[in-house]
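Chemist: Could you slot chain B onto chain A? The hints should help.
Read off the chains here:
There are 2 protein chains.
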Amino acid sequence: MDGATRTGGLNRAPRWRRWLPSLTFLEWGRGYGRDTLAADALAAVIVTIMLIPQSLGYALLAGLPPEYGLYASIAPLLAYALFGSSRVLAVGPVAVVSLMTAAAIAPYANAGPAAHAGAALALALLSGLMLLVLGVLRLGALANFLSHPVISGFISASAILIAASQLKTLLGVKAGGDNLPRLLVSLAGQLPDVHWLTFAIGAAATAFLFWVRKGLKPLLLSWGMRARPADMLAKAGPVGAIAVTATLAWAFDWSARGVHVVGAIPSGLPPLTLPPFDPALWRDLAVPALLIGIVGFVESVSVGHTLAARRRQRLEPNQELVALGASNVAAAFTGGFPVTGGFARSVVNFDAGAQTPAAGILTAGGIALASVALTPTLYHLPQATLAATIVVAVLSLVDLDVLRRTWSYSRSDFAAVAATFVATLLLGVEQGLVSGVAVSLAFHLYRTSRPHIAVVGLVPGTQHFRNVLRHRVLASPRLLSLRVDESLYFANARALEDAVNEAVAARPQLKHVVLQCTAINAIDASALESLETILERLRAAGIRLHLSEVKGPVMDRLQHTDFLRSLSGRVYLSHYDAVHELTPEVLAGQEAPPQSV
Amino acid sequence: MDGATRTGGLNRAPRWRRWLPSLTFLEWGRGYGRDTLAADALAAVIVTIMLIPQSLGYALLAGLPPEYGLYASIAPLLAYALFGSSRVLAVGPVAVVSLMTAAAIAPYANAGPAAHAGAALALALLSGLMLLVLGVLRLGALANFLSHPVISGFISASAILIAASQLKTLLGVKAGGDNLPRLLVSLAGQLPDVHWLTFAIGAAATAFLFWVRKGLKPLLLSWGMRARPADMLAKAGPVGAIAVTATLAWAFDWSARGVHVVGAIPSGLPPLTLPPFDPALWRDLAVPALLIGIVGFVESVSVGHTLAARRRQRLEPNQELVALGASNVAAAFTGGFPVTGGFARSVVNFDAGAQTPAAGILTAGGIALASVALTPTLYHLPQATLAATIVVAVLSLVDLDVLRRTWSYSRSDFAAVAATFVATLLLGVEQGLVSGVAVSLAFHLYRTSRPHIAVVGLVPGTQHFRNVLRHRVLASPRLLSLRVDESLYFANARALEDAVNEAVAARPQLKHVVLQCTAINAIDASALESLETILERLRAAGIRLHLSEVKGPVMDRLQHTDFLRSLSGRVYLSHYDAVHELTPEVLAGQEAPPQSV
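Protein sequences, first through last, are from chains A and B. 1 is the number of the first residue of the first sequence in our numbering; add one for each residue after it. 1001 is the number of the first residue of the second sequence in our numbering; add one for each residue after it.
Chain A on its own, in the form it takes in the complex (with noise of 0.2 Å):
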């Protein structure tokens, strides 16, 4: 068969050179030419503009000035654009990771904007540190420990909790608190002192953004606008609310009126900076950053894996740790906070064209001219717009189907899905992934502690074993057939040693028992000590154990030990030789109706 030697063991093939960091460039920049440039710079353009007010807003949802925004959207895409795997991918700061941000910094708010501001250096610096080591070691793995539900559940929760916190910009009050209960009585307290103007300004904003997201493109549609640009044109609606209102907020001069505006943002690029080397610091930020690492980096290729295959291209999972680590070390460097890839501001870039990283080139060029030229236009934009164009996008990201879904398929999911979301509103985001990996490893490890037994049976006129309970099956009073449907170690073993005893006590008759391995795929000490009590358990009460369909892997590993040395039966290549062998009268059964099933 052609490739069988190749995926045979398809977890074993030698995959070491596509683990080793490469200058993923090197492989698009081959080749470039005019097309591919005029589509990354129109793409570029879209994401631009998409880019400026986002990056502003997450800067201020963390925490930070607002000039760390456009900061963090320079030098990072570059770096990712080194680095990265996906042609599309769109880096900058993003929704979730900037409130996880804001959690992690905020203790250092006290000691000064510097101290804070450091802090968040100190964080990107840690989180890219971390991707890049477990880019190196090929341990991406390791972000499969946070399962669909609770990235789900952490998702919507999140985007909660930054609806909430946007509350306070939008009522021009003070506010804060670090999960929803504070977060509501805190503007409780404040709603007295609310700035309606400034209520004005941010309802209108949000309005009229739910209106653009929702109704702008089938009137532009109407009106007999093409598709792509109409689509383009919806997504710019940000930038037309902050045109707006900085345009009003300027000629009325709202901010003497007591709007909470942007103010004076350095112009020019993004300074060289160098996060603090506190040890003290690096200690208390380890698990924020690893938590921000893992998180931006799940979100990063879950939207990276989904464009990629729309274009049959590949995605390469520790290409892009490492591309998103160098891209969280450049934003340290430069004055940012952390990173990662955006979902829509990637789709963005996928459906405006972008064909390579150069886009986000590009896009980092667009932003740098802002940051240069732009940035005395936006000292009127009052914060408010900002938070309503936040508000407007991380609502979409709520999914509470999310727990009608998982609770019909599985309460374990549920279980994860609502620890997570509960855990994550009521007690911070840290403690709220925590709580989802916990609870979804300790059902996972719950459910495989107690595996599944079945007794099969040989379904007539094949040579397939069913469950005796399930199917109508032959089998022989003098044989038992037992299916252990989970592979062997502490947490079951025992298990397996009572199912067993139950067995043989209720069947008097009984002579042999043969284990059908086919669902057990490795055997660890503990179980390989049940299985030895086992057997000599049955040999003192004159019954032979036998296996049948033991696993290639399994097998080798067994052969090293006393315990196949000891078997009192034998190992079968399939259960039906073990049967076929031991009690020929059920195949003789198979002709005839079966006596006993």
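I should point out that these hints are in silico values taken from the structure, not numbers from a laboratory. Using N, Cα and C, we set each Cβ at its ideal position, and we do this for glycine too. It cannot be assumed that every hint is accurate.
[Claimed, not checked] Covered stretches of chain B (in silico footprint by chain A; criterion: 3 or more residues with CB under 8 Å from a CB of chain A, positions within the stretch not fixed): (1) 1196 to 1209; (2) 1402 to 1411; (3) 1448 to 1459; (4) 1545 to 1559.
[Unchecked claim] Over 12 Å on every C-beta distance to chain A, these chain B residues come out as not near it, computed from the model: (5) 1031; (6) 1039; (7) 1045; (8) 1078; (9) 1160; (10) 1178; (11) 1224; (12) 1225; (13) 1301; (14) 1374; (15) 1441; (16) 1588.
Modeler: Just chain B, lined up with the frame of chain A:
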């Protein structure tokens, strides 16, 4: 088939009746006769003689006054006799649990003897309540997460720690520390102050006890004594050492020459005590109490199972939880400290012919008699003699060969033993246990997150499919048979996606992918999403996805999902059926030599 309905879903049988804590003495008490009483009484006498020095020594090991050991050997034995499911388990203070108690209550030593002893009572109460709760909730399986390698490494390391902790008593110096480096450093600093007479007593007692253990029985046998009395006499060695050294110490007034003696032990029955109900104390002791409870349970159940099997009796783990829980609660209210079933002691009880838990009741009576009448005679007993009995008892628990055995079988089991062993010695008992569990879980998760995925083909002349790399099998380039050797869950869902992508990319003629699901015991929500992704990608490439040999419980769950409705292929009962229908040419090849394998 007889009993099929009872055992088909072995772990689903309605077991609720068995889990209800029952007063087991109602069962064994029925028909209790004179012969049984005689057997139980003989065993009780021998166990009492063995238990007196042990209980005194283990109390000192735990850092408590010696009489606490006697108290812990009365009421807990009665409680166990009421609830226990083992006929021969001998409950009381044991070495490892006493060491763990010492570590847990050490922080309270500075607050005075009353607070220190109160912490021991609270620890016994908490540990007992936790065991009761686990028993009632049928969570005995939790103990399985302490794998055999972890227990083995922990017991060996604890035994070394205990022996090292007794060196100070054997040398007549003051030293302390809760891990091996601290103990040894502290001892080394005290070496100039060795009390030579104490050292001589300790060394002589140790040498004598080792000789009794190894040499006395053969000697007695060579004198013509029968095996059982010789064995029993050898077990009485510690009592002999105590009698001799206590008499010598009294005759020569060693106490006045600086030998530490047991001193005044209050005579009388155990006092009624109330453990301190202090929330802060309880919170601090919660983790040690849980670990002590679980370790005690595991040690107790392991010897209980072994002995029950020898007489074809059954041990009910959840009933044992209740019984050990009740024993510890009893200890907490009668001036004791945490107890469990002891290994050596239970074996002696068994060998001496104990028939029922009445032996335990009689032993309790014997210890009560001793604590009323015998304590004055123990005044002059050198503590070094007790230390010697402990050292000789625990060194037999050290099993370093487990390192070699696990190394040769599996590196991950070795890592778990080694981590437990090293962490226990270097960091302490709690850290050692927690490290061991963490390492064994981490390896288990790592393994299941990288599933073995095999391309399989038909073994000629059978209906059986095996790995194309290990067996000479038949296959078609139009059909890919993949067998995933692991349940699909969040940690490995992505690996399946990658494997299918890779295998499909290598097979241009491919029309069908059939997943043989023999080893898939569960599919969680994350894995279901991955299957949906695979289905869509294959559909886009014009390839149909089929499943075969899906297990009952998995199928039940899939039935509710869109995945099955949108499946491009079919679900076959057997993999052979799938190949038969989709690529009959492969079966035709069974007659002719296969073209491509």
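Chemist: Does each hint hold? Answer for all of them.
Modeler: Checked hints:
no. : hint         : result
1   : 1196 to 1209 : violated (count 0)
2   : 1402 to 1411 : holds (count 5)
3   : 1448 to 1459 : holds (count 10)
4   : 1545 to 1559 : holds (count 5)
5   : 1031         : holds (23 Å)
6   : 1039         : holds (23 Å)
7   : 1045         : holds (31 Å)
8   : 1078         : holds (29 Å)
9   : 1160         : holds (21 Å)
10  : 1178         : holds (24 Å)
11  : 1224         : holds (33 Å)
12  : 1225         : holds (30 Å)
13  : 1301         : violated (9 Å)
14  : 1374         : holds (41 Å)
15  : 1441         : violated (7 Å)
16  : 1588         : holds (16 Å)
Violated hints, listed in ascending order, are 1, 13 and 15; each of the other numbered hints is respected by the structure.
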